[in-house]
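Visitor: Given next are the chains, with one letter for each unit.
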Amino acid sequence: MAYPPAAHSSPPRQPSVKVILAAADVTRVVDRIAHQILEKTQGAADTVLLGIPTRGVPLARRLAARISTFEDVTVPVGVLDITLYRDDLRRHATRAVGPTELPPGGIDGRRVILVDDVLFSGRTVRAALDALSDVGRPASVQLAVLVDRGHRQLPIRADYVGKNIPTALAESVKVTLAETDGADEVRLHGGAA
Amino acid sequence: MIRHLLSGADLDAATATEILDTAAEMATVAGREVKKLPALRGRTVVNLFYEDSTRTRISFEAAAKRLSADVINFSAKGSSVAKGESLKDTALTLQAMGADAVVVRHPASGAPHRLANWVDGSVVNAGDGTHEHPTQALLDAYTMRSRLGRLDGLHVAIVGDVLHSRVARSNVLLLSTLGAKVTLVGPPTLIPVDISPALAPGTDVSYDLDAVLPGVDVVMMLRVQRERMNDSYFPSAREYARRYGLDGPRMRRLPGHAIVMHPGPMNRGMEITPEVADSPRSTIVEQVANGVSVRMAVLYLLLGGNNR
Amino acid sequence: MTAYLIRNVSVVGGAPTDLLIRDGVVAETGAGLAAPDATVLDATGLVALPGLVDLHTHLREPGREDAETVESGSRAAALGGYTAVCAMANTSPVADTAGVVEQVWRLGREAGLVDVQPIGAVTVGLAGERLAELGAMADSAARVRIFSDDGHCVADPKLMRRALEYVKAFDGVIAQHAEEPRLTEGAQMHEGEVSTRLGLTGWPAVAEEAIIARDVLLAEHVGSRLHICHVSTAGSVEVLRHAKARGVKVTAEVTPHHLLLTDEKAASYDPVYKVNPPLRTAADVAALRAALAEGVIDIVATDHAPHAVEDKECEWAYARPGMLGLETALSIALDVLGPQWDLIAERMSRAPARIAGLDGHGLDPAPGVPANLTLVDPAARRVVEPAELASRSRNTPYARMTLPGRIVATFLRGEPTVLDGKAVK
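Chains as they are written, first to last, in the UniProt record's numbering: chain A, 1 to 193; chain B, 1 to 308; chain C, 1 to 425.
Just so you know, these hints were derived from the structure itself, not from any lab.
All C-beta atoms in this analysis are idealised placements derived from N, C-alpha and C, irrespective of residue type, glycine included.
Just to be clear, a hint being listed does not mean it is correct.
To be verified - Distance ranges between label pairs, derived from CB positions:
no.	chain 1	residue 1	chain 2	residue 2	range
1	C	A127	B	N117	36 to 42 Å
2	B	R238	C	P157	34 to 40 Å
3	B	Q225	C	G99	44 to 50 Å
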């Protein structure tokens, strides 16, 4: 007996991909965050930007560069590796540890702005706060993200948000940057089409 | 990722390099106010020591504690082990206690290999008989890399009682994997048969320390026990020191950049003179500090994820 | 007594024929025999060999009955195709008096599965200091003819000379465990590339070869018979070849494990591979195989050495040396030599029976000969399962290996000890 014609079976689902921010949008968004930081921190005095690897690091560097263009101030930039502070270490094969690099002046008594690409559950930021308290004692800590996609699992919010993107849990947000991936773009990869 | 660290041969170049790189990050913790990381919170590391080795045990203990693991020290002295409990029964006990890793020091070569058959957790060889001591080799490699900037292409002389040295075996294996050339130096009685094909083709053997010194970047002196002369490995401690000990004049035959290493504990006046041990070329104190960082890296890489 | 008619069997590789066993002897041979009262065994495809004779077995009784008894070892032997085994003297107490050898001999008779021929110790307590009462053991009910301190070398050259001379009075032979003790202090495995890598103290080949060289010269000097236990090195083969060419009355054995396994096995640190003399290199294995085929080595002997679990499930250095052999020896000989049945019969039955002076053993099945024989299925393949062995111990190095050949039946003086591959009692 022959199987029923193919018309009865559903067509293969195309995973939907939607570009949320193109390269020029990313540049504009970074500029806006830089302006907001200057505004909210009275000219970025006593401020340190710490990027969370991987893509938080180039973002922090861009923000510092834009701030120095806009206001002629130099904001120290560092790297805060959070691998050893993650709460999901045991769910994966061992993750490689990256470098933590604090700027020469350190972070004690300063305003630290953590920089990351996507804010989602908040767990990464929780790990970053723990890591931060082990390497110094900042006067205050703020958070800057390129994209906030919602679905927080912890009481954490960002001080600077490039773009809010409402998403379904099944969807994923992919950020690419020229420094790490060759080009700037933010895409939404879909669940159901 | 590897499950156990039993031998220098367990590590390929990529894994060994990952351990050294991770150790470099771990080393920064030593300079912080809070010398602790949460990565191994809730993990249990057992130090199972059938031989006294305070320095190795506290190094592993410090490493595990800095990673927030719980540490249980299980010493053969004054325990059920001294009452004749077998290694297997001890292993089953540790298994029942939920040991995630067992760091084992044992006078019998291969005991950690046996243990690895009987426990679910990771086994780290902290020195077995006259076989291997892989974390010592890792910390030695780390020390060379931080002092000299590289390992590939280095020429390392390992001098002394190679026959009975677990440090030498692990170093030959690891250094060869990482691209260094090793020359083993000692009296023929203390160089094991077929060492080059056994461990790493390309390993040289020399009986003439003075001839080797001008061409090396690193000279690693091994501990030589005076008692070996009672077994006719050499005629007297004095003759040994004269032919194979590192003293000031010999040290000055080394190239300007070359470093002097010793795994400790030293026999000052036997294989090394105080002038050499305390010279700026000596890395002996650094080796101890690096030991903690390297062991943190090893414990993290074995236990830091879901590697089952 | 039941008569057995074995049909269509190849006697030592010859054309199929029938064998009638009656009253403890081979009564008749020839095609198409008739014997209405006899139990008929269809042996099509099977090979009949004279019952195997092991010159080197450790039965552990008295003293270590947890590892093996005369009875359990006898059963293992029968299942391996043996009809006679020579029981080594290193029991507790040591078989160094007429009393102990008679005890072992009697236990063998009671078990009734193989002929157990005790070997007597050369020196009191195997201590290598003074001769045991060799004559008393020779004159005992056990009629001891082979003397050995196996496990220990008779290292003192003067003592060895005296022992060789003394046993001439009753046509005895000294079976030497060739190991210069000063060269093997603390030794754990063959000295070579692998021991260097594993950090285990080496047992150099020269420690065996030096003693064999000394002892063949001593045997030549005093005109005595000498047997060398478990020859393990290519160098030993050369020394033996030289001695035999000079007419020295020396015989030599090799174990199945030295014909098959190499020192690389130690890399697991599993003491099931720890044995004395140790497993050697592939070159040694090749030389031993050639020497066995050629006759420089006279026989295969198992050195069956049962050990309790706790003596093997431990660190390598703390484990006792030795491995099981009786139930796998023929399979390994078949693997190593191929179906050269006459050669197998010579090396595993006729020659060892001659060396041991065992009347009624080592004789090819023929009319009038005592019916000590075994039937082998050369086409069978079997996987060695330690739990299925008849030995009380489990220390076989062949666990889960697939080996050729299977013992189907064994007869001791006309009585089956094994039928259908299973022990009769």
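Visitor: Looking back at the numbered hints, which does the structure fail to meet, lowest number first?
Guide: none
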